[in-house]
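Kindly produce the complete structure, drawing on both the sequences and the hints.
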Amino acid sequence: MASLVDLLGASAGNVFRIRFHGRGGQGIKLGARALGSAFFAEGFEVQDAPRYGAERRGAPIAAYVRAGRAPIHERGPIREADLVVVADESLIPVATAGVLEGIAPASVLLVNGLTSAETWRERLRLRGPIATLPPAPASAGAPPAGSACAGAAARLVGAISRAALEGALREEVAPLGARAVEASVALALHAFDLMAPHAGSVVEGEAPRLAALPSPNWIDLPRELPDVAAPDVFASATSVEVRTGLWRTARPVLDPDRCHRCSWICSSFCPDGAISAGAEGLPAFDYDHCKGCLVCVAVCPSHAIRAVAEADAEGPREAAR
Amino acid sequence: MSETRFQRMNDLPSTHLLGGGTAMCAGCGGLQALQLVYDVLGAKTLFVNAAGCMTLLSIYPFTPFRGSWLYTAMACAPAGAQGARDALDLLVAKGRMPKQEDLSVVVLAGDGASYGMGLSSTSAAIDRGLDFLYVCYDNEGYGNTGQQASPATPPGARTATDGSASGVARPKKDLFGLWVANRPTYVATASGAEPLDLARKVEKAASLRGPRLLLVHAPCPTGWGFEPAEMAEIGRLAVASGVWPLKEWERDTGRVIHTKVRRPRLPVEEYLSRQGRFRHLFEPARNEPVLADIQSGVDAYWDAAG
Amino acid sequence: MSRRLLTGNAAAAWGARLARIDYAPAFPITPQTEILEALGGWIEAGELDAKLVLLESEHSMIAAAGAAAATGVRVFTATSSQGLLYGMEMVFTVSGWRAPFVLVNVSRGLATPITLEPDHTDVLAARDSGFLQIHCATSQEVLDSVLLAYRFGEDPRVRLPVIVNLDGFHLSFTREPVEIPTPEAVDAFLPPFDAGAVRFRASHPVSQAVAVLGSGPYSYFRYETHLAAQGALCVYDEAAAAFARACGREWPAVEAYRCDDAELAFFLIGSLATRARDAVDRLREAGVRAGLVRPRLLRPYPAAAIARALEGVLAVAVVDQNLSMGKGGVLHAELASALWGAPGAPRALVSFIGGLGGRSVTLEEFREMAEIALRAGREGRTPPPRLLYTAEELREVRKLQAIAHGERAALATEGRS
Chain A
8 MASLVDLLGA
18 SAGNVFRIRF
28 HGRGGQGIKL
38 GARALGSAFF
48 AEGFEVQDAP
58 RYGAERRGAP
68 IAAYVRAGRA
78 PIHERGPIRE
88 ADLVVVADES
98 LIPVATAGVL
108 EGIAPASVLL
118 VNGLTSAETW
128 RERLRLRGPI
138 ATLPPAPASA
148 GAPPAGSACA
158 GAAARLVGAI
168 SRAALEGALR
178 EEVAPLGARA
188 VEASVALALH
198 AFDLMAPHAG
208 SVVEGEAPRL
218 AALPSPNWID
228 LPRELPDVAA
238 PDVFASATSV
248 EVRTGLWRTA
258 RPVLDPDRCH
268 RCSWICSSFC
278 PDGAISAGAE
288 GLPAFDYDHC
298 KGCLVCVAVC
308 PSHAIRAVAE
318 ADAEGPREAA
328 R
Chain B
17 MSETRFQRMN
27 DLPSTHLLGG
37 GTAMCAGCGG
47 LQALQLVYDV
57 LGAKTLFVNA
67 AGCMTLLSIY
77 PFTPFRGSWL
87 YTAMACAPAG
97 AQGARDALDL
107 LVAKGRMPKQ
117 EDLSVVVLAG
127 DGASYGMGLS
137 STSAAIDRGL
147 DFLYVCYDNE
157 GYGNTGQQAS
167 PATPPGARTA
177 TDGSASGVAR
187 PKKDLFGLWV
197 ANRPTYVATA
207 SGAEPLDLAR
217 KVEKAASLRG
227 PRLLLVHAPC
237 PTGWGFEPAE
247 MAEIGRLAVA
257 SGVWPLKEWE
267 RDTGRVIHTK
277 VRRPRLPVEE
287 YLSRQGRFRH
297 LFEPARNEPV
307 LADIQSGVDA
317 YWDAAG
Chain C
985 MSRRLLTGNA
995 AAAWGARLAR
1005 IDYAPAFPIT
1015 PQTEILEALG
1025 GWIEAGELDA
1035 KLVLLESEHS
1045 MIAAAGAAAA
1055 TGVRVFTATS
1065 SQGLLYGMEM
1075 VFTVSGWRAP
1085 FVLVNVSRGL
1095 ATPITLEPDH
1105 TDVLAARDSG
1115 FLQIHCATSQ
1125 EVLDSVLLAY
1135 RFGEDPRVRL
1145 PVIVNLDGFH
1155 LSFTREPVEI
1165 PTPEAVDAFL
1175 PPFDAGAVRF
1185 RASHPVSQAV
1195 AVLGSGPYSY
1205 FRYETHLAAQ
1215 GALCVYDEAA
1225 AAFARACGRE
1235 WPAVEAYRCD
1245 DAELAFFLIG
1255 SLATRARDAV
1265 DRLREAGVRA
1275 GLVRPRLLRP
1285 YPAAAIARAL
1295 EGVLAVAVVD
1305 QNLSMGKGGV
1315 LHAELASALW
1325 GAPGAPRALV
1335 SFIGGLGGRS
1345 VTLEEFREMA
1355 EIALRAGREG
1365 RTPPPRLLYT
1375 AEELREVRKL
1385 QAIAHGERAA
1395 LATEGRS
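Chains as they are written, first to last, in this note's numbering: chain A, 8 to 328; chain B, 17 to 322; chain C, 985 to 1401.
Just so you know, these hints were derived from the structure itself, not from any lab.
Some hints could be false.
[Unchecked claim] Here are the simulated BS3-like pairs of lysine-lysine, each with C-alpha atoms no more than 30 Å apart in a straight line:
| id | chain 1 | residue 1 | chain 2 | residue 2 |
| --- | --- | --- | --- | --- |
| 1 | B | Lys115 | B | Lys188 |
| 2 | B | Lys110 | C | Lys1035 |
| 3 | C | Lys1035 | B | Lys115 |
| 4 | B | Lys220 | B | Lys263 |
| 5 | B | Lys60 | B | Lys220 |
| 6 | B | Lys188 | B | Lys60 |
| 7 | B | Lys188 | B | Lys263 |
| 8 | C | Lys1035 | B | Lys60 |
| 9 | B | Lys263 | B | Lys276 |
Written as structure tokens, this is what we have:
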């Protein structure tokens, strides 16, 4: 039986720290668990966890995987990741998603999307390695990006075999049914193969040296009066500062010639109140907040609104300020 | 009908009072209904909230409300409403606040609180004749925690806690009937899928005093398993198949009136088959006994309603 | 000024009346019910301009109290034991609303087993909640403490609800002389409720008590409530000084009785203090330099004042009328943490647990505790905590057990024959 000293002495050694980013509904939690299980099957000590918040389908979420040869003692969100996996490239400009938090020159960034690695390098001014994974062709039955990202991540860390990856996915996806399992496995193995040129490019981070750590910068919090020290919001409708338009993967676009100015059917059915009366009696769309649910597309009696993928949409994701 | 200002769709508000940017799911049927409710009620309101999905409408420092809001806990929003209502009345009565500063108190709660844990404080508030409007958004499960079965979950539905072959096996609790039995002022069911009907009922409820319930069907893409874009259609099918009756009751008349009746009703299958939570009734094979049970339950309701 | 015989409950009601409360959400529970009945009677007679509302549970009662305070009126409520526990979710919740009000707790032992008699486990269960706590030893103190509670809880630097605790039966139903201050004196001491920024009105929409996600903001709000509670120590001293000027009575945060040259001090809260004072006097007569330290404030915890009162004392006998299952007495643990490393701290803190469910602590038990504590101080060896219980008490329990078990045995015998 290992003594506590043995365990502590062997701990905090080199650990793979991997952070996944995606949107609710894209299978991020599943992908991270599959990677964790694959590491475990290869004999690693593992710790994986999703980051829970007010996540909703479409909203940014994160998940963490730690793997090492000794029991892992650290916990919680991974601030400095050896590998950052971005399942949806539209998250990169979303500050609150924290995709780029703690990225160091040695960190590897894997982005699932159509934009090239060179473009990312230039846009984000990153020095470290960047790999891209083309998204699977969109189809109603395709499993979400999480499986593909798990497959790609497995190849990047190098220490996970095809067999371990497949076994892990079969286990994690099983509750969703046989069809989902086969589709997930196929996607993951395809991504695994695609990443061959980058195999093993992710290395375990070293344990931090105590002396090199900065001071925690503690302060003495002053006592403040209740009008600031209570969780109260004294301003109206501050929620408009939250650009939920960034959740969208597709947006509604009006064809004014087909619009019959029918009297606010689209406006009355929009859950987010993002459609209101605009000029000439046409509906105006608040793209800052439209989440792309596309209910308006479905309810318009004259089919005057169509869905356009964000990638193809003209105009910025948000209204100009 | 002639007294309402909502005669046709044009009469519905064309801009919306509730701020955008909230954390409700894309396609949330509850939020869609809340837009209308808030447009009709206005900002001279204090929304007192019980724990549920809509608690996350306001996350520091963001709130969509142009009026006021107080989050309490899961079981006691009507009690919080009592305290606020009494305090507002006291402030006005004692001349410490001018009448124009007064607010209408509105409880906003999901079915989890309304059909279960909150019944104690709700029933007592009705006993006391509290002057408040209770808006329940019913997405037929404990939505915020992942759609576990609540007393509002309908028969046949699968949830996070009931994945059995036939889904939930007992009838949906009758909250409308429960309120009516307590003899409040006004009780109504509504749906965002029928916005005119909803707007009229909000208007009517707002014109009355005493305890009033608006029980609003809230189709839930995340919990029920359908694409967000289908939210309005699912809501419409619930009404058209007779699964979600639109009705109201007033203590003054003592009668239940159905405000919109579709004849002939669509078969319930057309509603059920569109949702993931009922998929097990169709695949891998049709579960005829359960489907028949559900249909006969709906038929029995309408036969009795006359 | 009028001096009358009042029970602790009546004194609490008088405190609320003199404070000109606006609103009293209520729910009945022994031994507090007389408080709300007194208020109800005065309201009906037009002697108190307030509204009393019966809620259906203490959880709802406290929710209503907090919501009314958050709307902007002066609120009073009362409960005990099981009721306080039933409302505990809201006790913790409403303190963070930073809307002050007063909750009188008539402390009573907790189930299991269910009882009606007093001790302190109930009120101490709320010690982490953010409510401030004042503990009373006499009916006079109850009345005065309600007034003090409004003054210091409503202070803009504090804005926290306050529990004023009195022992069931020993205080709640026991009449003793109480001087009722004049309304003029109280009005000079306690201004009308000023809701400040935390209130509801149409012209200033506000979303109160919203959800907070993220450890940074959450920690901020929690720390701020704690800092406000700690800061209430000096606000209390100011309020107590003002009260002394207005009504002529001193209520320091910590009562120290004959401590100046004490080598042995009893440390306890609540109405047991009056018997403890008596024990101190008897011990002094017998040549023991005994004293009594009685915190009145438990939250915020008046650590400095306690340490000062105990400076130079050799040994402390801590009498806990509460029990943290598996650990022991709460007062003892908190005292030890406050005194550890403090200069001049007593050499021995000896823990005694008694007085549960209304159990008396007798004079001979005080003498015994004094001897044990002094020995511990002199020998430098502290014995383990003692649960106060006598051979006679156990004999009585055995008799009851015999009945409880005897009946079944008798039936079993009959069944066989």
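Practice task
Decide if the proposed pair is consistent with the structure: lysine 188 of chain B and lysine 60 of chain B, CA atoms, cutoff 30 Å inclusive.
Solution key: This hinted pair is violated, its Cα atoms lying about 34 Å apart.
Problem - Distance restraint between lysine 115 of chain B and lysine 188 of chain B, which requires alpha-carbon spacing of 30 Å or less - result: violated, 42 Å
Practice task
Compare the distance between the alpha carbons of lysine 1035 of chain C and lysine 60 of chain B with 30 Å, and conclude whether the hinted pair is satisfied.
Solution key: Cα-Cα ~24 Å, so holds.
Problem - Hint consistency between lysine 1035 of chain C and lysine 115 of chain B [alpha-carbon to alpha-carbon, up to 30 Å] - result: Judged against 30 Å, a Cα distance of about 19 Å means the pair holds.
Practice task
Could you grab the alpha-carbon distance between lysine 220 of chain B and lysine 263 of chain B and see if it respects the 30 Å cut-off?
Solution key: holds, 13 Å
Problem - Straight-line alpha-carbon gap lysine 110 of chain B to lysine 1035 of chain C, limit 30 Å - result: Given pair lysine 110 of chain B, lysine 1035 of chain C holds - Cα atoms ~12 Å apart, limit 30 Å.
Problem - Pair hint lysine 263 of chain B and lysine 276 of chain B, alpha-carbon separation not exceeding 30 Å - result: holds, 7 Å
Practice task
Measure nothing beyond the straight line between the CA atoms of lysine 188 of chain B and lysine 263 of chain B; if it is 30 Å or shorter, mark the hint as holding.
Solution key: holds, 17 Å
Exercise for the section: Given the hint that lysine 60 of chain B pairs with lysine 220 of chain B, test it: the Cα-Cα distance must not exceed 30 Å. Expected result: holds, 17 Å
The structure does not agree with the numbered hints 1, 6 stated previously, though it agrees with the rest.
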